[in-house]
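Participant: For what it's worth, UniProt numbering labels the leading residue of the sequence shown as 1, then goes sequentially.
Calculated from the structure, these hints are not laboratory results.
Each residue gets a CB set at the ideal place from its N, CA and C atoms; glycine is no exception.
Fair warning: there could be bad hints in the mix.
To be verified - Label pairs and their computed distance ranges (CB to CB):
1) Asp11 to Asp56: 33 to 43 Å
2) Thr43 to Lys101: 16 to 26 Å
3) Asp11 to Arg39: 34 to 44 Å
4) Gly71 to Arg102: 13 to 23 Å
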Amino acid sequence: MSNSRLVYSTDVGRVKDDKPEPEAVGDGNVRVRPEKKGRGGKTVTVISGLPLAGNDLKAFAKKLKKRAGGGGSVKEGNIELQGDHVDVMVDVLKKEGYDAKRSGG
Numbered sequence: 001m002s003n004s005r006l007v008y009s010t011d012v013g014r015v016k017d018d019k020p021e022p023e024a025v026g027d028g029n030v031r032v033r034p035e036k037k038g039r040g041g042k043t044v045t046v047i048s049g050l051p052l053a054g055n056d057l058k059a060f061a062k063k064l065k066k067r068a069g070g071g072g073s074v075k076e077g078n079i080e081l082q083g084d085h086v087d088v089m090v091d092v093l094k095k096e097g098y099d100a101k102r103s104g105g
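Whenever a hint applies, use it, and build me the whole structure from the sequences.
Facilitator: Here it is, written out as structure tokens:
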């Protein structure tokens, strides 16, 4: 049982996972794509490959959500914005100094 890790204890409840926050995972190739699959037919703009992590990524996502005028979230190192804002986000990212490209549909 040396490979097991404690997730829940009846004494204290859920045990926090002490994994360190991942470092920047972006490879410098920032991709912006629309995505509909598995989202009830609604379009979401997904931005991947940003060389940011943690709070920096969340702060940048907040800035992009404000520019798009809608909601969104950060999931698995990607920024997901509600709605189809691919062309606008490519322009915004290029102005911020990223080499952003449109991909997908």
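Participant: Please go over all the hints and tell whether each is borne out by the structure.
Facilitator: Now for the hints, and whether the structure bears them out:
1. Asp11 to Asp56: 33 to 43 Å: Check passed, 36 Å falls within 33 to 43 Å.
2. Thr43 to Lys101: 16 to 26 Å: Hint holds: Cβ distance 19 Å, inside 16 to 26 Å.
3. Asp11 to Arg39: 34 to 44 Å: Between Asp11 and Arg39, where Cβ atoms are some 40 Å apart, the hint holds.
4. Gly71 to Arg102: 13 to 23 Å: holds, 22 Å
Checked against the numbered hints listed earlier, the structure breaks none of them; every hint is satisfied.
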